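Chemist: Sequence:
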Amino acid sequence: MRKHSTILIMIAILLAVFTLPVSARSAFDIALRSATLYDVDTSVAEDSFFSGMSEGKNWTIGVGLDMRLTAFHLSLLASSNHEDEEVFDIYSSLAFDIPVINDVIYLTAGAGITTRVLFPEVEGACLQYNGDSSAEETDFMNVLLSSPVHFTAGVDIVIGHATLSLAFIRQGVESLQERYEGVWSGDGKNLVSIGLNLSVL
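Just so we're aligned, residue 1 is where the sequence shown starts under this note's numbering, counting upward by one.
Hint data in this document are derived by calculation from the structure and do not stem from the laboratory. Since the structure is predicted, the reported quantities are computational estimates derived from the model, not experimental observations. Heads up, the beta-carbon is just placed ideally off N, CA and C, and yes, glycines get one too. Careful: at least some of the hints might be erroneous.
Computed beta-carbon distance windows for the label pairs [stated by the list, open to error]:
1. L164 with T70: 16 to 24 Å
2. N142 with N102: 41 to 49 Å
3. I105 with L198: 12 to 20 Å
4. L107 with M141: 27 to 35 Å
5. L32 with N81: 17 to 25 Å
Input sequences plus hints: build the corresponding full structure.
Modeler: Dropping the structure here:
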């Protein structure tokens, strides 16, 4: 009798292991993204980096889209620029998730490019990309290669269909078409992003 009970328990355990999903998150997900970015031209090592958080002028608002396939996700975020109302920064990032508490907390790390778009003040004029290229004179590849590289690291907290994210963005000054070693240089600026993703698929 005891032998039969043990066999039944083992079968139940095996069924639970192979039929229950490893993660409650779906393998594919599309989410609308809203975020606020703390943008101050100060090194993170300096005490003054965090002192500016109480000033509204150092914060910008962004909206975008986040697409995830298993542990990898592509994020597009268009953010206003507090230095110029006619300028938008588009952050395109590819990152991967590292589960800390499965289905709840994930560490994220990735990299991407930042494309600066200038809307012309003169009606009928072309958009400006990264400061010196008009829409008539450039193509997608040129815009891609002339966009500065950034690196990002953060933490995501999953709450149902919503994800609260906190990320640090290290914005470089070199693009992919410039010196390769310049991509890893210490120049550039630091940003903090607080975002909310709402899953739509």
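Chemist: Each of the hints needs a verdict: does it hold here or not?
Modeler: For each hint, the structure was consulted:
1. L164 with T70: 16 to 24 Å: The hint (16 to 24 Å, Cβ to Cβ) holds, given that L164 and T70 are roughly 21 Å apart.
2. N142 with N102: 41 to 49 Å: Taking Cβ atoms as reference, N142 and N102 lie about 42 Å apart, which means the hint holds.
3. I105 with L198: 12 to 20 Å: Holds, since I105 and L198 (Cβ atoms, about 18 Å apart) stay within the stated range.
4. L107 with M141: 27 to 35 Å: The hint (27 to 35 Å, Cβ to Cβ) holds, given that L107 and M141 are roughly 32 Å apart.
5. L32 with N81: 17 to 25 Å: Taking Cβ atoms as reference, L32 and N81 lie about 21 Å apart, which means the hint holds.
When the structure is compared with the earlier hints, no violation turns up for any of them.
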